[in-house]
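Got chain A sorted already, so can you dock chain B onto it with the hints?
So the sequences go chain by chain: A and B. Using our numbering, the letters of the first sequence correspond one by one to residues 1 to 250. Using our numbering, the letters of the second sequence correspond one by one to residues 1 to 498.
Don't read these hints as lab results, they were simulated from the structure. There may be inaccurate statements among the hints.
Stated by the list, open to error - DSSO-like cross-link-like pairs, simulated, lysine-lysine; straight-line CA separation at most 27 Å:
#1 Lys416(B) to Lys187(A)
#2 Lys208(B) to Lys93(A)
#3 Lys450(B) to Lys402(B)
#4 Lys402(B) to Lys416(B)
#5 Lys93(A) to Lys113(A)
#6 Lys164(A) to Lys126(A)
#7 Lys93(A) to Lys409(B)
#8 Lys93(A) to Lys148(B)
#9 Lys113(A) to Lys126(A)
#10 Lys187(A) to Lys402(B)
What the hints assert, rightly or not - Here are the computed distance ranges between Cβ atoms for each label pair:
#11 Leu444(B) to Pro232(A): 29 to 35 Å
#12 Ala445(B) to Gln204(A): 38 to 44 Å
#13 Gln204(A) to Arg20(B): 19 to 25 Å
Claimed, not checked - Covered stretches of chain B, as calculated for chain A (at least 3 residues, CB under 8 Å):
#14 120-131
#15 179-191
#16 431-445
Just so it is clear, CB atoms sit at the ideal spot from N, CA and C, and this is done for glycine as well.
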Amino acid sequence: MRVALFVTCINDTLHPRTGRAVVTLLERLGVEVGFPAEQSCCGQPQFNTGYRHASEPLALRYARVFRDYEYVVVPSGSCAAMVRDNYPRLGEKAAAEGRGSALTEAAAEAVPKTYELTEFLVDVLKVTDVGAYYPHAVTYHPTCHGLRMLGLGDRPRTLLSHVKGLELRELAGAEECCGFGGTFAVKNPAVSAAMGADKTRHIQETGAAAVCTVDNSCLMHIGGVLSRQGSPVRPVHLAEILASTEGNVL
Amino acid sequence: MSVTDLGMPAFPAAAARSTRDTRLRANLRHATHTIRDKRARAVGELGDWAQLRAAGRAVKDRTLRHLDHYLERLEEAVTAAGGQVHWAADAAEANRIVTRLVRATGEREVVKVKSMATQEIGLNEALAEAGISAYETDLAELIVQLGKDRPSHILVPAIHRNRAEIRDIFRSEMGDWGRPAPDGLSDRPAELAEAARLHLREKFLRAKVGISGANFMVAETGTLVVVESEGNGRMCLTLPETLISVVGIEKVVPTWQDLEVFLQLLPRSSTAERMNPYTSMWTGTTDGDGPQTFHLVLLDNGRTDTLADTVGRQALRCIRCSACLNVCPVYERAGGHAYGSAYPGPIGAILTPQLRGTASELDASLPYASSLCGACYEVCPVAIDIPEVLVHLRERVVEGGKVTRGGVKTVIRPAKGHAAERAAMRAAGFAFGRPGLLRAGQRLAARTRKLHPRRLPGPGRAWTDTRDLPPVPAESFRDWWQRTRGGEQGGGRQESGQ
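The following block holds chain A by itself, in its conformation from the complex (with noise of 0.2 Å):
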């Protein structure tokens, strides 16, 4: 099995955690890992905030980088979305413009290897205990992409409730957005500090100590508000749960 890491700009860049919780998690479980280092960025930011043309070479790159792996695994539930929901309608639209079927054939290769995390782990690995430990309440916020775009459903909830120690608390208004939504967080300020604040809200309601997500950008938006509020609640990626063990407890 030939699994590549698409990391993410993102992680890359802020939380290199994740990626070395699914690196540690991943080789744990016997999968081999690989990280081509030609990767960047899916082209999520630039494709809904408008600007199609700017992902398209972002979506070829991501065709070649990934070209001889079987499988990609991302720990975006968004960038995993932008991939199998955009790159065939970059395709599409490209095509109806006239300029051929490079995006359609490189959205026709990249689509059905890419895999969200928990996707990988259920679906794949076929493996819902991935023996973790974390002996810490939790609780889970479905991003917006990975709930509806995705569709992930109970993967991540199934997996949470397999790692000992953790204690899982249901979230109120579990299902409605945070407020993050890339650009949207910048271009509409007031109501993304409102929805944020909500969603705080809630999260603190639970008395959790830590609060999960699939997607470090909407969890980036959520820190922010928790710390800015001096919330003790954590921020954590799922995938860094699912890494911890009584071993090393992270």
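Just chain B, lined up with the frame of chain A:
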């Protein structure tokens, strides 16, 4: 669109103002959450909802593809049934036609059934300019009209008002328009409804002209359909001598059988009812029964232009149920007025910039009035992929491109005010296209991380005003990989490089 919409600030500024209004936030939160929970239950009752939704989408798409054909059939059927059909290319023409028709009756007052199309074209204001008083008879529209306010929701136009505010409006304003509110009116819903009923009854009985919209028009028989909850619509549709219906051209469905789908989809999505209390249907005129003169004004006002856009045209499937408003976290905080048009919420964010274009600052800001969370798409009974259209319209705003305006294909320039963003996107694209450069940037950021300010200047301020930034780590992931794995690759792979 309505003259009252002109000069509106862009969405972010208007929304920022409403997020500070704690009473508005509480009213909206309570109302939208109540309706959304009830909708989920009502939809959950049907085992074939997914198929119904697919059928609704398919009927609308098929009709839109052959819209010219079905509109001609409709015109023939309406005319054969004794009605008169008028075609209005835009709001001004529709208002001129309706004003002329009312004037021809010699009347100075009309009663109105709640109608989004007449909101869209600002008909009440146009009639007022011509010296004609238009009385809204839907309870919520009445509250809005008496309060000299604007609707803020498609289904619940006074959603932003609570009971105490409504009592105050009735007490102070009803007398100026007709029968005053009863003495000692309280804010009990039953008393408020009774006050409205007494006030409106005088209007129904006196009116010689009624104005409506329609939820559907059946092409095969020329029948118009209004779906409502209060019965005021039925009064307006049956009591006056003259009925004028102003309807968007996308509201046509081919046959009665198609209605079966929508009369299931609409009430459950909008009011969470299995069936709405009143479904009124009218076909032309009948001697001795109902209005003796019937006019249908078919409104384009940007719809044909919207139809020309292969991605954006799906907005024309909308049946105005407002389910997308009730689940939208942005609408819930911003309120309907911030959208600056008759159509608020997610559907407004994609419909308005298509009907009106993206030239104004407000209209150019609407495609960004969403976090792309996708909740609207999930609940839409005709499966409009609102996030897809939002992103499509964002592209139009920042890059310009080919559009159809007034039936003419044209190329528009990018909207103003995106130069810095475009430059940032280009710079990011440059760095992401060269991972070595990306790494250099990461290393520079890591080395200088002690110097990073807690509060950012410029656009970044929007972030740091309410949120802390994550600290930049000492080592990026790719540097960690290289340091610990001793090379660029892992898993024994040879990178082809570039």
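Structure-based check of all given hints:
no., hint, result
1, Lys416(B) to Lys187(A), "holds, 15 Å"
2, Lys208(B) to Lys93(A), "violated, 54 Å"
3, Lys450(B) to Lys402(B), "violated, 48 Å"
4, Lys402(B) to Lys416(B), "holds, 17 Å"
5, Lys93(A) to Lys113(A), "holds, 22 Å"
6, Lys164(A) to Lys126(A), "holds, 19 Å"
7, Lys93(A) to Lys409(B), "holds, 19 Å"
8, Lys93(A) to Lys148(B), "violated, 46 Å"
9, Lys113(A) to Lys126(A), "holds, 16 Å"
10, Lys187(A) to Lys402(B), "holds, 25 Å"
11, Leu444(B) to Pro232(A): 29 to 35 Å, "holds, 32 Å"
12, Ala445(B) to Gln204(A): 38 to 44 Å, "violated, 31 Å"
13, Gln204(A) to Arg20(B): 19 to 25 Å, "holds, 22 Å"
14, 120-131, "violated (count 0)"
15, 179-191, "violated (count 0)"
16, 431-445, "holds (count 7)"
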